[in-house]
Structures are given as structure tokens and as C-alpha cells.
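Chains as they are written, first to last, in the working numbering: chain A, 1 to 152; chain B, 1001 to 1152; chain C, 2001 to 2152.
Don't take each hint at face value.
DEER-style ranges, computed between Cβ atoms [as the list claims (entries may be wrong)]:
no., chain 1, residue 1, chain 2, residue 2, range
1, A, V8, B, P1058, 46 to 52 angstroms
2, B, D1055, A, G94, 47 to 53 angstroms
3, B, E1034, C, P2042, 38 to 44 angstroms
4, C, E2077, A, G94, 40 to 46 angstroms
With a straight-line cut-off of 20 angstroms between C-alpha atoms, the simulated SDA-like cross-links for lysine to any residue are [to be verified]:
no., chain 1, residue 1, chain 2, residue 2
5, C, K2018, A, K31
6, B, K1031, C, E2050
7, A, K31, B, P1088
8, A, K18, C, E2016
9, A, K132, A, K31
10, C, K2132, C, E2099
11, C, K2018, B, L1020
12, A, K18, B, K1031
13, A, K132, B, P1007
14, C, K2132, A, P7
15, B, K1018, A, R146
16, B, K1018, C, A2051
17, B, K1031, C, H2127
18, B, K1031, C, V2008
19, B, K1018, B, D1006
20, C, K2018, B, V1045
21, A, K132, A, R63
22, B, K1031, B, R1073
23, C, K2018, A, E12
24, C, K2018, B, R1026
25, B, K1132, B, V1045
26, C, K2031, C, A2051
27, A, K31, B, E1089
28, B, K1018, A, K132
29, B, K1018, C, H2127
30, A, K31, B, Y1126
31, C, K2031, A, R146
These aren't lab readings, by the way, just hints derived from the structure by calculation. What you are looking at is a predicted structure, and each value in this text was computed from that prediction instead of being measured. Yeah, the Cβ is synthetic: ideal placement off N, Cα and C, and Gly gets one too.
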Amino acid sequence: MASPVDPVSRLEAVEEIKGLKARYFRCLDSKDWEGFAAVFAPDAVMDMAEAAGGDPLPDATSRGPGDIAAYVRRSVEGMVTVHHGHMPEITVTGDTTAEGIWAMEDLLRWPGPDGTTGGLHGFGHYHETYEKVGGRWLITSIRLTRLRVDMF
Amino acid sequence: MASPVDPVSRLEAVEEIKGLKARYFRCLDSKDWEGFAAVFAPDAVMDMAEAAGGDPLPDATSRGPGDIAAYVRRSVEGMVTVHHGHMPEITVTGDTTAEGIWAMEDLLRWPGPDGTTGGLHGFGHYHETYEKVGGRWLITSIRLTRLRVDMF
Amino acid sequence: MASPVDPVSRLEAVEEIKGLKARYFRCLDSKDWEGFAAVFAPDAVMDMAEAAGGDPLPDATSRGPGDIAAYVRRSVEGMVTVHHGHMPEITVTGDTTAEGIWAMEDLLRWPGPDGTTGGLHGFGHYHETYEKVGGRWLITSIRLTRLRVDMF
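If we strip away everything but chain A, and leave its shape as in the complex, we get (with noise of 0.2 angstroms):
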């Protein structure tokens, strides 16, 4: 458990990649994609093959915060969407490096055919890495797994 970091700098650490995190899901729900690009590094990896629930989702993987940006962007358009994060395990390894785990809930409703809605209510975990840079920390991968997703 001992840490190559120093006490206060850990925390430090810890609280700004919650911050981070937080930006994540506020620019995400609130569709400000410029700022949802500035939470990553630009070799960011993002992998959300399981964000379906069942089958691993085709062509899931997007890289550099233009094209996840985009990924996502494509994968909410026209919803309103709720994402949720909770209970951050976060672990420093390093003066400029950390990885994360984070429960996370989504409630997603579209349009659907004459007027009525369709929606997504899934439950899982993000799986995350961050770097510091530029005094800065990011997020440099992320993944997500899913506990349950219900279709309505």
C-alpha cells in the first residue's frame, strides 16, 4: 500500500482527478463537446464495446479526444442523456500517473417511431488511467463494463 508519493500530494492528485471526472460527466450530459475533448490526453483510449450490455459492440474503440469526442457525440445524438459516477477507487502510482475504478449508472431515452420513446437505464463500471501533463492530470484510457442494462 505504501505510495512513491508524498501524503498531501496524493491527495492533491485524488481530488483533481474527481474534479476531472466530474468535468467528464457534466460537458458529456450537457452535450459541451469541446469541453468533453479537454478531459483527455491526446493518446487517449477509449473502449466502450460493452456499453450495449450483451455482444461486445463492433468498431468501439475511438483514440485522441477529437475522435472519442466524436465517438460519443455520434453515440448520443438527439438523446437526452443522465450518466452518473460513484464510489472512485483511485490509486497514485506515480508523481504523474493514477488508474481508476468508478460505479456508474446512464439513463438515455431517444426518440422512437410515432411519437413514442425508447430508453437505456445500464449500470456497470468505468475502468480508468489518468496522466499528469503540463501540470494538468487527464484521462489517458478508459473502459467501461456493465453489471445489467435494461432496454425500455
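Position chains B and C against the provided structure of chain A, taking the given hints into account.
Chains B and C in isolation, oriented as in the chain A frame:
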């Protein structure tokens, strides 16, 4: 990103503000109105105009701990309520001042006619400011914005 | 509000206890019973008498990591479960002792007759105590109270 406050004091402020907001939620849902009033500064302002999710509500601004607690108490009279806060972004702006954004979800259920029940399931963000008064952080302003409100 | 513990140690304790509770939830929902047992102290006590939301459940007290894990495992056998914790209020009462309150939400689904499913959606609070044993924080007691339980 430089803060005028030293790292440990800033971390303590963030933790105390999280505890303050936790009391806000617990006292609200357990209907402890004395405890609820105690989280607000004497000159605090609450703006709940967006609470219902549609047109702005009239007369939705209340001021001071007593009036705020009375306003909220009237709003949830006879209901079972669940309010959760998530993913805070707290910025400590000085030794005794801070601001924060919280993702939120609320679930209200009220008695309907003929033994039925009605309810509201809402999602949004609290936009808040805080001040440290006499050694304790208090809420000085709170405004709710909505991502979505479902009535049932 | 004065604490007997220095600020950095207190902040570290709070962060470690949050990580401990995050493991509690993740191991519970991923059915990692060995990891789940490992968050409890040797003399830990769990009281789930209010779990169903109505009359107190009989025989709802379990003691020690092994019995607690066995009790919870039996309680969720065959179910998909999602448990989330929110808004902790953690008070560090000494170098090796602390207490906490967590808002919680749980969503259980179980197989019903003829291929149907039944479920429970609950809300409440965990009331807990912690002790630092051999350099690691562990749960020494946990009691669930309910705001509301919906069966579906």
C-alpha cells in the same frame, strides 16, 4: 489553476464542503428542518425556479435559513423524498470563499386521489457558493438547473 | 469540531475510508465474496433488520467477516444487484477510529415464476464505524436504515 490557499487548507475546505452538502441532503430527506436550516448562511439565497423542469416556477426564490427551510418544507409536504448529489466540482476561491457544482437526482412521491400516488423523478445540477463563517462552511447561494424531469 | 488528529492524517483517513466503502460496493455487486469479507474487522457486526423496509427482518444480525459475507451472499443469491453509496459524512474520532453515514440506493432483480422477474428498489442510509487495524481501515459495524423501498 493556482489557488490563493495552501494545499492542505484547500483540501480541508473541499472535504468540509462535501460534508456540509451531505448534511443538506440527509436533513432534507429525513425532514430534519432545524438541521437543514443550519447549513445556510444568514444571507443565503435559494433559486428553485427550474425545479419542475418546464416553465420557471413563480415565487421560487427564498432568502435566509428560516425562509429557505420553510419554502422547501412546504414544497415536499406529505412526500417521501430521496435526493442524491454526485460528482462535485468545488473551487476554493479564498480562505473563506468557495463555489461548487453538483450533479443531482431527486425522486419524489406524493399521495394522489383515491389512494393512488404521483411522483417526480428529476436530474440536474446544483450551482452553489459557500462562505466560511465563524470557522464553519455554509451555503450562501444555491440554484438548480435541470437536465430532465419525468412525472409519473 | 476540533479533531484529535492532525489535518493531513485526517484527510488521508477520510480518503482511505471512502476507498474501503468503494470496495465494499464493488465486491458486493461483482460477487467477489473474498474481497467483500476483507473490508470487515474480525469483530465486525452487520445489522440488516431494516433492509426490506417494512417490519424488522428476523435473524438479520451477522458477526465477523466470514459470517457477514455468507449472510449477504445468501441474501442476494441468484440476483443481479446494484448498490451505490453517496454523500458520506465521515468523522475521524481518533488515530485509529472513525464513524460515517452514507446515503445509499440499491436495485435488486431476481428470477420469478414462469420466466418473470421480481425486484426491489430501495433508498436509505448506512450508519457505520471503522477501525484502523495493522495500518488498514476496516468496517467494525454497519446498520442500514430505510427512507423507502419499492417492490416491482
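Right, here's what the structure says about each hint:
no.: 1; hint: V8(A) - P1058(B): 46 to 52 angstroms; in the structure: holds, 48 angstroms
no.: 2; hint: D1055(B) - G94(A): 47 to 53 angstroms; in the structure: holds, 52 angstroms
no.: 3; hint: E1034(B) - P2042(C): 38 to 44 angstroms; in the structure: holds, 39 angstroms
no.: 4; hint: E2077(C) - G94(A): 40 to 46 angstroms; in the structure: holds, 41 angstroms
no.: 5; hint: K2018(C) - K31(A); in the structure: violated, 30 angstroms
no.: 6; hint: K1031(B) - E2050(C); in the structure: holds, 19 angstroms
no.: 7; hint: K31(A) - P1088(B); in the structure: holds, 18 angstroms
no.: 8; hint: K18(A) - E2016(C); in the structure: holds, 15 angstroms
no.: 9; hint: K132(A) - K31(A); in the structure: violated, 25 angstroms
no.: 10; hint: K2132(C) - E2099(C); in the structure: holds, 12 angstroms
no.: 11; hint: K2018(C) - L1020(B); in the structure: holds, 17 angstroms
no.: 12; hint: K18(A) - K1031(B); in the structure: violated, 30 angstroms
no.: 13; hint: K132(A) - P1007(B); in the structure: holds, 17 angstroms
no.: 14; hint: K2132(C) - P7(A); in the structure: holds, 17 angstroms
no.: 15; hint: K1018(B) - R146(A); in the structure: violated, 28 angstroms
no.: 16; hint: K1018(B) - A2051(C); in the structure: violated, 27 angstroms
no.: 17; hint: K1031(B) - H2127(C); in the structure: holds, 18 angstroms
no.: 18; hint: K1031(B) - V2008(C); in the structure: violated, 34 angstroms
no.: 19; hint: K1018(B) - D1006(B); in the structure: holds, 18 angstroms
no.: 20; hint: K2018(C) - V1045(B); in the structure: violated, 31 angstroms
no.: 21; hint: K132(A) - R63(A); in the structure: holds, 18 angstroms
no.: 22; hint: K1031(B) - R1073(B); in the structure: holds, 8 angstroms
no.: 23; hint: K2018(C) - E12(A); in the structure: holds, 15 angstroms
no.: 24; hint: K2018(C) - R1026(B); in the structure: holds, 18 angstroms
no.: 25; hint: K1132(B) - V1045(B); in the structure: holds, 16 angstroms
no.: 26; hint: K2031(C) - A2051(C); in the structure: holds, 19 angstroms
no.: 27; hint: K31(A) - E1089(B); in the structure: holds, 17 angstroms
no.: 28; hint: K1018(B) - K132(A); in the structure: violated, 25 angstroms
no.: 29; hint: K1018(B) - H2127(C); in the structure: holds, 17 angstroms
no.: 30; hint: K31(A) - Y1126(B); in the structure: holds, 17 angstroms
no.: 31; hint: K2031(C) - R146(A); in the structure: holds, 13 angstroms
Checked against the numbered hints given earlier, this structure breaks hints 5, 9, 12, 15, 16, 18, 20, 28; the rest are met.
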